[in-house]
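Protein sequence lines, in the order shown, are assigned to chains A and B. Each residue of the first sequence is one higher than the one before, counting from 1 in my numbering. Each residue of the second sequence is one higher than the one before, counting from 1 in my numbering.
To be clear, the hints were calculated from the coordinates, so they are not data collected in a lab. Everything numeric in this text was worked out from a predicted model, so none of it was measured. Worth double-checking, as some hints may not be accurate.
Pairs count within a copy or across copies, as identical chains cannot be separated in the list.
Derived lysine to any residue pairs resembling SDA-like cross-links, with alpha carbons at most 25 Å apart [as the list claims (entries may be wrong)]:
| hint | residue 1 | residue 2 |
| --- | --- | --- |
| 1 | Lys-437 | Ala-452 |
| 2 | Lys-437 | Asp-181 |
| 3 | Lys-68 | Arg-436 |
| 4 | Lys-72 | Ala-451 |
| 5 | Lys-68 | Ala-448 |
| 6 | Lys-68 | Ala-451 |
For reference, the chains in residue letters:
Protein chains: 2
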Amino acid sequence: MGQVTAMPRNEDGIAAAIGVLKQKYGDALQTGQSLRDQHAHTTTWLTPQPPDAVIFPTSTEEVADIVKTCAKYSVPVIPFGTGTSLEGHVNAPAGGVCVDLMQMNKVLEVHAEDLNCVIQPGVTREDLNTHLRDQGLFFPIDPGANASLGGMVATGASGTNAVRYGTMKDNVISLEVVTADGRVIRTASRAKKTSAGYDLTRLIVGSEGTLGIVTEITLRLQGIPEAMSAARCSFTSVGTACEAVMQVIQYGIPVARIELLDEHSVAAVNAYSKLDLPEQPLLLMEFHGSEASVVEQAELFGQIAKDNGAIGYEATASTEERNRLWKARHDLYWATLQVRPGAKGISTDVCVPISRLAECVVATQERMKADGFVPMVLGHVGDGNFHSVVLLDMDNPEEVAKAEAFVSWLNELAISMDGTCTGEHGIGQGKMPYLRKELGDAVDVMAAIKAALDPDNILNPGKVIAS
Amino acid sequence: MGQVTAMPRNEDGIAAAIGVLKQKYGDALQTGQSLRDQHAHTTTWLTPQPPDAVIFPTSTEEVADIVKTCAKYSVPVIPFGTGTSLEGHVNAPAGGVCVDLMQMNKVLEVHAEDLNCVIQPGVTREDLNTHLRDQGLFFPIDPGANASLGGMVATGASGTNAVRYGTMKDNVISLEVVTADGRVIRTASRAKKTSAGYDLTRLIVGSEGTLGIVTEITLRLQGIPEAMSAARCSFTSVGTACEAVMQVIQYGIPVARIELLDEHSVAAVNAYSKLDLPEQPLLLMEFHGSEASVVEQAELFGQIAKDNGAIGYEATASTEERNRLWKARHDLYWATLQVRPGAKGISTDVCVPISRLAECVVATQERMKADGFVPMVLGHVGDGNFHSVVLLDMDNPEEVAKAEAFVSWLNELAISMDGTCTGEHGIGQGKMPYLRKELGDAVDVMAAIKAALDPDNILNPGKVIAS
Numbered sequence: 001m002g003q004v005t006a007m008p009r010n011e012d013g014i015a016a017a018i019g020v021l022k023q024k025y026g027d028a029l030q031t032g033q034s035l036r037d038q039h040a041h042t043t044t045w046l047t048p049q050p051p052d053a054v055i056f057p058t059s060t061e062e063v064a065d066i067v068k069t070c071a072k073y074s075v076p077v078i079p080f081g082t083g084t085s086l087e088g089h090v091n092a093p094a095g096g097v098c099v100d101l102m103q104m105n106k107v108l109e110v111h112a113e114d115l116n117c118v119i120q121p122g123v124t125r126e127d128l129n130t131h132l133r134d135q136g137l138f139f140p141i142d143p144g145a146n147a148s149l150g151g152m153v154a155t156g157a158s159g160t161n162a163v164r165y166g167t168m169k170d171n172v173i174s175l176e177v178v179t180a181d182g183r184v185i186r187t188a189s190r191a192k193k194t195s196a197g198y199d200l201t202r203l204i205v206g207s208e209g210t211l212g213i214v215t216e217i218t219l220r221l222q223g224i225p226e227a228m229s230a231a232r233c234s235f236t237s238v239g240t241a242c243e244a245v246m247q248v249i250q251y252g253i254p255v256a257r258i259e260l261l262d263e264h265s266v267a268a269v270n271a272y273s274k275l276d277l278p279e280q281p282l283l284l285m286e287f288h289g290s291e292a293s294v295v296e297q298a299e300l301f302g303q304i305a306k307d308n309g310a311i312g313y314e315a316t317a318s319t320e321e322r323n324r325l326w327k328a329r330h331d332l333y334w335a336t337l338q339v340r341p342g343a344k345g346i347s348t349d350v351c352v353p354i355s356r357l358a359e360c361v362v363a364t365q366e367r368m369k370a371d372g373f374v375p376m377v378l379g380h381v382g383d384g385n386f387h388s389v390v391l392l393d394m395d396n397p398e399e400v401a402k403a404e405a406f407v408s409w410l411n412e413l414a415i416s417m418d419g420t421c422t423g424e425h426g427i428g429q430g431k432m433p434y435l436r437k438e439l440g441d442a443v444d445v446m447a448a449i450k451a452a453l454d455p456d457n458i459l460n461p462g463k464v465i466a467s
Numbered sequence: 001m002g003q004v005t006a007m008p009r010n011e012d013g014i015a016a017a018i019g020v021l022k023q024k025y026g027d028a029l030q031t032g033q034s035l036r037d038q039h040a041h042t043t044t045w046l047t048p049q050p051p052d053a054v055i056f057p058t059s060t061e062e063v064a065d066i067v068k069t070c071a072k073y074s075v076p077v078i079p080f081g082t083g084t085s086l087e088g089h090v091n092a093p094a095g096g097v098c099v100d101l102m103q104m105n106k107v108l109e110v111h112a113e114d115l116n117c118v119i120q121p122g123v124t125r126e127d128l129n130t131h132l133r134d135q136g137l138f139f140p141i142d143p144g145a146n147a148s149l150g151g152m153v154a155t156g157a158s159g160t161n162a163v164r165y166g167t168m169k170d171n172v173i174s175l176e177v178v179t180a181d182g183r184v185i186r187t188a189s190r191a192k193k194t195s196a197g198y199d200l201t202r203l204i205v206g207s208e209g210t211l212g213i214v215t216e217i218t219l220r221l222q223g224i225p226e227a228m229s230a231a232r233c234s235f236t237s238v239g240t241a242c243e244a245v246m247q248v249i250q251y252g253i254p255v256a257r258i259e260l261l262d263e264h265s266v267a268a269v270n271a272y273s274k275l276d277l278p279e280q281p282l283l284l285m286e287f288h289g290s291e292a293s294v295v296e297q298a299e300l301f302g303q304i305a306k307d308n309g310a311i312g313y314e315a316t317a318s319t320e321e322r323n324r325l326w327k328a329r330h331d332l333y334w335a336t337l338q339v340r341p342g343a344k345g346i347s348t349d350v351c352v353p354i355s356r357l358a359e360c361v362v363a364t365q366e367r368m369k370a371d372g373f374v375p376m377v378l379g380h381v382g383d384g385n386f387h388s389v390v391l392l393d394m395d396n397p398e399e400v401a402k403a404e405a406f407v408s409w410l411n412e413l414a415i416s417m418d419g420t421c422t423g424e425h426g427i428g429q430g431k432m433p434y435l436r437k438e439l440g441d442a443v444d445v446m447a448a449i450k451a452a453l454d455p456d457n458i459l460n461p462g463k464v465i466a467s
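With the hints as extra help, turn the sequences into a complete structure.
Right, here's the structure in full:
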């Protein structure tokens with residue numbers, strides 16, 4: 001790990017395809033080293049593998065044409081959004097053409113009365129919400145990074161709001177997709193629900209660019225709630241914090257966000273975002289609803305927190321204070337990196353049934369301590385999904401080996417608890433060995449689907465399922 | 001239509017497979033005509049096509065063994081639950097072995113703290129809810145019929161509660177599936193969310209037994225709400241009723257059920273269920289939540305209804321009265337059949353963006369009147385999903401032709417409104433022509449998946465995608 005596997009390169013095909021595309025698209029295709037480097041995997045510790053060229057299409061027809069050209073020469077095509085994925089999803093282990101979709105960034109239709117919209121894949125989460133605000137609407141999925149919606153479809157993103165609003169799988173109504181042979185298909189109508197054939201929409205969501213390139217997205221929207229409020233409280237241990245979360249979920253409080261930061265994460269946030277939160281395990285909550293419902297939710301939560309020994313429960317209806325807290329939460333990954341300047345960070349991602357959450361989090365902290373790492377644990381605990389950030393010196397082989405062993409141990413622990421090796425980051429290159437451990441022969445079924453839809457393995461090869 | 005297409009039969013293979021299975025399973029395999037007839041399509045107007053034998057496995061291992069035997073002789077395998085599907089899903093157009101899963105009816109695990117459970121496919125919706133009640137939990141999806149959960153997975157069922165709780169696609173966490181070659185796979189862990197590889201869970205949900213046979217189901221559960229209440233009100237037209245529904249959804253009222261019955265459906269209900277509802281377009285609502293939230297929802301709804309000219313708004317917190325209303329709603333299909341004794345009923349199913357709902361419903365009523373049918377329209381209008389029931393004399397070829405033309409017209413109307421030819425009944429045999437009209441080349445992608453996972457086309461052949 002850290003080290004990624006290179007795949008055989010089709011040098012002649014790559015040269016031919018780039019020649020044809022350059023001829024046709026001129027400056028919209030670039031081969032400069034620095035641009036190619038920017039389009040390799042640039043986050044966390046996996047080794048970057050740049051593509052041979054980057055192309056910037058402006059329409060579905062251009063994407064289809066590019067894929068047809070690459071298909072003709074059996075050349076890999078790697079779709080690219082903002083490059084914020086964490087498991088090597090955008091690396092080019094066999095080289096090929098990176099298709100940067102960020103020029104396709106139009107909001108095409110907003111159907112306020114239907115609570116949905118149609119957008120191009122290069123629209124970012126923040127841009128979409130800015131566009132929607134005047135109409136009293138928002139798109140709830142929030143993975144932290146200001147990712148492109150195309151990328152969020154590809155990785156099946158979720159994040160802080162998923163506990164209330166679900167993940168991308170629950171919020172994509174329909175997709176326009178360019179298939180491996182350059183055909184353009186639409187996976188569903190704009191109806192809110194459908195039983196019309198196999199659910200291609202949800203097959204493409206989370207397929208990480210390996211089954212098709214998404215060129216248009218129909219998303220479910222939400223009305224901006226009448227009221228929002230936030231609350232926070234501290235606990236003496238992550239175990240009791242997790243216990244409180246479990247009770248909140250069982251009680252059916254429709255909490256919009258419920259996030260855990262352990263004491264080390266709180267310290268990192270305090271330092272980076274200039275806050276003075278108590279450096280103890282912390283729960284951050286957000287409530288959405290009517291004025292009355294938000295008050296009721298906050299009161300119920302306060303009672304459950306108190307019953308579990310919470311300290312310093314504070315609720316706020318101030319938008320400014322709420323935004324400050326959540327901005328700090330969103331900056332947490334960057335904050336953790338500052339704890340050990342110069343270190344690389346591995347943000348692992350597992351998800352377990354919530355009844356096993358406390359046990360899994362505590363075991364993770366203990367193992368990290370034993371390994372000599374700062375035991376930072378944080379996450380979307382209302383879903384049983386958490387991350388730990390391992391900070392390591394990549395020039396210290398012993399540390400790297402320890403980090404590898406830790407990640408491997410944590411993934412296997414989650415799997416042994418009937419959980420998953422990834423709740424939201426996806427498989428990419430980094431998690432392929434665990435996918436097989438988790439799902440066994442089901443991976444062969446996935447491979448059969450991949451082979452049927454992309455027989456020459458040109459769509460983002462070397463990801464999800466090893467070829 | 002009405003008439004279904006027979007497919008070539010593999011007589012030698014069928015005889016051989018039945019011989020081998022009879023030898024092994026004895027009385028658990030039956031070939032008597034009346035049992036075979038009961039396992040053909042028995043609802044609505046499609047011609048029944050009985051299987052050659054019916055077998056009753058009691059374990060996953062037996063299902064896998066049965067599929068392996070049928071695969072060896074290239075014999076169709078048709079999974080069967082309660083037989084309440086409406087589009088010929090359980091017909092055997094090429095003969096073969098019907099696998100009746102109703103002996104596999106155990107609730108295997110209830111994880112109250114995780115809000116999920118693991119069950120066998122033969123558990124029915126009502127049995128599951130009876131089992132869960134003591135623990136304060138329920139499974140919300142309610143298609144009306146007391147269907148088996150396996151069948152509900154296969155058709156991707158939804159129904160009255162979907163507006164609040166989603167469809168089967170949103171509520172199945174993981175599946176155990178026997179594939180076409182008799183392997184047993186598990187599609188996901190028991191974690192609440194996952195990004196681990198392609199979403200096989202949601203690919204199998206709604207695949208109507210054509211990609212695998214479901215032998216175990218992990219379902220998401222809900223806590224029984226603290227409070228429930230119901231309300232009803234009448235409107236002078238279905239148009240204004242639909243307008244009110246659209247506003248309720250836009251306003252974000254988390255209504256648990258919102259059902260429309262047109263004046264003819266109300267009359268049918270009154271006659272069948274001995275009620276005296278005003279014979280005008282009617283909305284039936286149900287609210288779930290805390291005591292305070294339920295009161296707030298009912299008040300908000302009442303205001304919106306009034307603004308849209310509702311008449312006779314009545315709310316009730318009485319469990320008995322609520323149950324009586326919803327029992328009547330559930331019996332509606334049987335009630336409509338009584339309107340014309342001896343007639344066959346076609347319950348069509350379309351779903352459109354909610355902004356087009358009023359227009360689509362009104363056009364449907366007008367066309368039915370013009371065709372001389374009683375224009376009965378009803379449905380889950382909070383999702384834009386409605387049914388119309390056509391009552392016809394199957395011995396009158398002119399009526400049958402008119403009914404066929406009507407169904408065809410309605411499906412195409414829904415598709416032209418960016419809606420779907422089926423919101424919840426599925427494709428089966430009856431809707432195959434419309435699937436192609438709705439999704440074009442996407443159907444080829446579905447066919448490629450089918451061919452990859454079931455190369456000999458033994459799993460419920462002749463459904464969803466024509467072979």
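Let me make sure I understand: some of the numbered hints might not hold for this structure. Which ones are they, in numerical order? Hints that this structure does not satisfy do not exist here, as all of them hold.
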